[in-house]
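Two independent chains are provided; combine them into the complex using the hints.
Chains as they are written, first to last, in this note's numbering: chain E, 1 to 383; chain U, 1001 to 1297.
You may find that some hints are simply not true.
[Stated by the list, open to error] Derived DEER-like restraints, expressed as beta-carbon distance ranges:
| # | chain 1 | residue 1 | chain 2 | residue 2 | range |
| --- | --- | --- | --- | --- | --- |
| 1 | U | L1121 | E | A56 | 36 to 44 angstroms |
| 2 | U | L1279 | E | P374 | 52 to 60 angstroms |
| 3 | E | E85 | U | T1093 | 28 to 36 angstroms |
| 4 | E | A293 | U | V1058 | 19 to 27 angstroms |
| 5 | U | L1272 | E | G57 | 54 to 62 angstroms |
| 6 | U | L1224 | E | G362 | 31 to 39 angstroms |
| 7 | E | P76 | U | D1156 | 41 to 49 angstroms |
| 8 | E | L185 | U | V1150 | 32 to 40 angstroms |
| 9 | U | G1057 | E | E263 | 54 to 62 angstroms |
| 10 | U | G1033 | E | E379 | 53 to 61 angstroms |
| 11 | U | F1060 | E | T241 | 46 to 54 angstroms |
| 12 | U | L1224 | E | A56 | 29 to 37 angstroms |
| 13 | U | V1150 | E | A363 | 35 to 43 angstroms |
| 14 | E | P76 | U | D1268 | 17 to 25 angstroms |
To be clear, the hints were calculated from the coordinates, so they are not data collected in a lab.
Predicted model, so just to flag it, every value in this text is computed and none were measured.
Where a beta carbon is used, it is the ideal one built from N, C-alpha and C, also for glycine.
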Amino acid sequence: MKHVVLSTFIAASLAMPAAADTLRIGTATAQTGALAYADAPTMLGMKMAVDDINAAGGIGGKTKIELVEKDVRSDPAQTSIAAQELADDGVSVIVLPGDSDPALAAIGVVGAAEIPAISTVASSPTLPEIGGDYMFSNFPGDNVQAAVSAKWAYDQGYRTAWIVYSPDTQYTTMPLYFADVFTRLGGKMLGQSTNTLGQQDFSAIATTIAAQDPQPDVVMTSAYEPDFPSLLKALRAAGVTSQIIGSDGIDSPTTFSLGEVGEGVVFTTAGFPTPGSALEKFNKEFEARYGKAPDTIYSAVGYDLIKVIEAAVLKAGSTDPKAIRNAMASLENVQGATGTITYAGTNGMPIRQVSLVRVKNGAREFVAQPTPDPALIPEPRME
Amino acid sequence: MDLFLQQTTNALALGGTYALLALGLAVVFSIMGLINFAHGELMTIAGYVLMYCGIAGVPFVVSVPLAICASMVAAVLMERIAFRPVRNGSGATMLITSFAVAMILQVLFQNFISARSQAVLLPAFLSDSFKIGGMVIGVNKIVAIVATVVMLIFLDRFMNHQKTGIAMRAAAEDFAVARLMGIRANTVIAGAFALSGLLAGVAAVLWVSQRASVDPLMGFTPVLKAFIAAILGGLGSLRGAVAGGFTLGFIEVYLAAFLPPELQEFRDPIGLCIVVVLLLFRPNGLVPSSVLKAVKV
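Chain U on its own, in the form it takes in the complex (with noise of 0.2 angstroms):
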């Protein structure tokens, strides 16, 4: 019981991560119908401020909001430079655009910063454990997990109660018609991208802080992660980024822990058809977006 348990809280702590992830795609489709395959470059950003400065010897507490906001300023300039000019344009034109932000981002790091992945020096607390009961948990989890309580807390104020925030579920609904109500979509869409550029810079903080290195390429696997999850839980709905999260994490950590030992080769196939499995079932996701045009089946 206490080995399920355990489980269960490194699956809470995944999914967790997992969720910020895709909650951070979620945000930015729901209003542009882009899928921003550099959101993971974002994180790679804010890993990289980590490093910088581990290495200048800033104390945590003042590098984890440096690197937070590195994220979101990168995030709102890439809107400014690379997606504005074709905001317009088809779905493909946006998603290859954002290809291209990736690549480029990838190749200024190897080239500018280093091909090779670079430590990042973090508080020794992190590694420590404690004990519950007869369960032994990690800082690392205790601060995913509260963490993306946090993030989910503030989000839901901020989408409920927030003018910006109020003018961005508008939009998600109907961009033309919250324009007509005299919404800046200047204003939604930069926000949209400083949110998820808040979520990301959370998230990277807690990937970098289990890895504890920088690669030029290491945005790849968590976009990757957030995209399937994005799916899973109804691309386009915050509330199903949340749960495709979750359910991806849970998937993940209960999949490793008690798959027998001659079936863990295959243990990501398995878990991608588990995953394929609950689409067939819920083709629009685990909670649909109630206005994108979904498939009706």
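In isolation and in its complexed conformation, chain E is listed as follows (with noise of 0.2 angstroms):
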């Protein structure tokens, strides 16, 4: 008991003095493991902004940010470990991996904590629900993005589609919604395929969709690397010409180094730098200071993630954990690297930009930057 105390007296002590100065954003991050393609380049993009807010003085001119930063290695059982090291380390907010499966992994430690919590790139739109009143996402939910994709699917004439999904995680489930979108809509599933995450062969799988007399216009998944690549040249092979439709998780440089293969390949993302966005300016600043373009939308993600803890910080007006947490869950139209972004009226799930891109030639082409219609987003689905 005497321990507990005088550790306890020593934490406090700690954390209390360095808190009036200082805002102390833990994060329990996969920068290694299979969700290093998102959180890496994530946290190059927090980084970015960090010492863009501490060169100017710090949030609001006087609070510094410091980050204490844990790799979890994309393993949920360490996820909770390094979160509730963050939380006896007494950091303000928590930044959890880009997966709602690990940052999962750490609700029990944030909300006995109080301490907000937000992932990177999660996109479940079940975590926050999960999750709690500390559980924040930092990206357009797999239901916002499915209903986009459909919708679009559905305005270019295509009226029949298959989807290839994974039940393996919440986020490979997307062409779940897909469906249910596209089906409201008056399209037609012809039918569905399920892999297992880490999948090496697709051959059964696009020679299935290849028989189907016709084929549909559409193939729809959420799958990303390396399954997505793997898919897809299976499909090609196999003869399939349907438009491919993919979400966020192949917004990386692999897509767009897959040749003749990945041509008209259409996915939805967070943001596309169209002439005088945020974003370009966004991309232009990461290549002065990385002397390379950002290879994903992560970056500005993760850029855009400060940024709403800085205005979290700001209207909380310190860096109380439960101040910073009411503020969070009220904040609208925040300026970010991608768009604006808005939580007030949401359950943690952020009202942000989706946009559709192509592959073409090699590169990213602007296909659309729709508001989806509220009315055809549907409800989370919790599996």
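What follows is the structure, given as structure tokens:
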């Protein structure tokens, strides 16, 4: 007991004075492992935002930001441990990995410690729902992305579709939302296939789809690498000529280096650098700083994450975790690198822009940036 | 019927790749009694060589042999550095050593190359396909099947007609007696690793040409499949490894192709159940090794 009292006292005395002029943000993110594809570029954007804010004197000109970094190796158990360590360390906000499953592993910790947590790029709308008051997301939801891509597909005149999804994670079930919206619009689902995460061989699925007569107009999936390139190559090699629609997980250099096979793929993501946009400006600054343009939208989304925390701290007027949480939940139109971000009126799943991008000549081509019709967005699906 | 034939082609291509992987494990196991779980990392090394060659603009015909050579060299080095010091250790010691090698390599890839997946530039013809009768067959399927056949013929010739190959077979049968006959242990073991590196390299080219990217952890899935195939075929038996690889490939593709949609989610458990059932009837594997102390039932 004496130890507990003593260590609490030490922790309090260490944390409290620091809180006055420093905001400590703990990052329990996946810098290695299967989710590094998302969290590593996100971290680059976060660091850029932290440096920008600190260089300008800190949040509101006084509160400097300090990142306390931990790598959770894409492992849920490790995420829970790291979140606990960060909570014990007295951080004001915790950043969690870019997928719902490891992020959910930390719910118990952040809920009990009453520290707001925000996932880098997890897009499952169930995350804040299951996670409770202290769990926030930072990406357009799967259901919103699917509503945008299904509407686009229908407007293009596509009437039949096939989905390939994996029940292994929340994110890879996005095609189920797509099927829901597409049928409601009047399209017809010809069938569906499931894959396991990390599946190498998609030839059986591809042959099945190719054997449909007629072939579906659209094949939609939220598989990401390494699964997505394998699936795409298998589909094309089997003679499937359908329009392929993907999601933000394939916003990565591999997708743009697939050559002929990748051409024409359309996917939803969190922004597009249209001329004069905030994202175009961000990309230029990113290039000036890191020597190369960002590989994916995730870096800009990481920048946004810090801007959201900055806005919450400004609004709360303190670095107290509870005050930050309440402020964050009421934020409206925070200007980030990808556009504006609103949490007010949501359960923690932000309202953000969704862009449709097409792969053309190995580069991004802007397709559309529609505002999704709220009536079309499916309810979060609990799996 | 066309659909069935086409799925059979898919199964042959996948099974062939699994057979090459399982053979790589079996070659080393038959001689040392070691299941080398770092076998997958040999594939990762070959994959990274392909990636760097792609970036440097090296033509594919050159980068493929380079990648295979890199995997062979890595296998021999692995034996020299990690496995030779524990050669006389227990099976468990060697097993743990192979896990350690795999993890150390993964961390090195993560820290010195990239934690993220890296794109591999591949020639466009690999994504092409052509029609035979009513079937559409991808070039990469043909390549996989041809590569498997060539490797199996090569392996057969090497094991039956080459001095080193015959020595390896002798060592697999009884290492102590083989050494008494004047066969050098180091040569045979290094040869086995080089051979497993060659098989890993060829399998890696086939594997990477499907996924078009490499990441530090990509060796895990193939080595797991190879392990299942090797057990199914009969651990330590080379013919068994081939049989196990093809069987696993056929099980996976046929289930994905012909299982009703509502059962597709359970495809992997069903596949593994079939493997277990096969093992219940043939506990020593499909083609058991004649010399290893197999379980008698």
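Okay, the hints, checked on the actual structure:
1. U:L1121 / E:A56: 36 to 44 angstroms: Because 41 angstroms falls inside the window, the suggested range holds.
2. U:L1279 / E:P374: 52 to 60 angstroms: holds, 55 angstroms
3. E:E85 / U:T1093: 28 to 36 angstroms: The hinted range 28 to 36 angstroms holds for E85 (chain E) and T1093 (chain U), with Cβ atoms some 34 angstroms apart.
4. E:A293 / U:V1058: 19 to 27 angstroms: The hint (19 to 27 angstroms, Cβ to Cβ) holds, given that A293 (chain E) and V1058 (chain U) are roughly 25 angstroms apart.
5. U:L1272 / E:G57: 54 to 62 angstroms: holds, 59 angstroms
6. U:L1224 / E:G362: 31 to 39 angstroms: Distance hint for L1224 (chain U), G362 (chain E) holds at roughly 33 angstroms.
7. E:P76 / U:D1156: 41 to 49 angstroms: holds, 46 angstroms
8. E:L185 / U:V1150: 32 to 40 angstroms: violated, 51 angstroms
9. U:G1057 / E:E263: 54 to 62 angstroms: Once the Cβ atoms are compared, 21 angstroms apart, the range 54 to 62 angstroms for E263 (chain E) and G1057 (chain U) is violated.
10. U:G1033 / E:E379: 53 to 61 angstroms: Taking Cβ atoms as reference, G1033 (chain U) and E379 (chain E) lie about 57 angstroms apart, which means the hint holds.
11. U:F1060 / E:T241: 46 to 54 angstroms: Between F1060 (chain U) and T241 (chain E), where Cβ atoms are some 26 angstroms apart, the hint is violated.
12. U:L1224 / E:A56: 29 to 37 angstroms: 50 angstroms Cβ-Cβ, so the 29 to 37 angstroms window is violated.
13. U:V1150 / E:A363: 35 to 43 angstroms: Roughly 38 angstroms apart at Cβ, these two residues keep to the hinted range, so it holds.
14. E:P76 / U:D1268: 17 to 25 angstroms: holds, 20 angstroms
In this structure, the hints that do not hold are numbers 8, 9, 11 and 12, in rising order.
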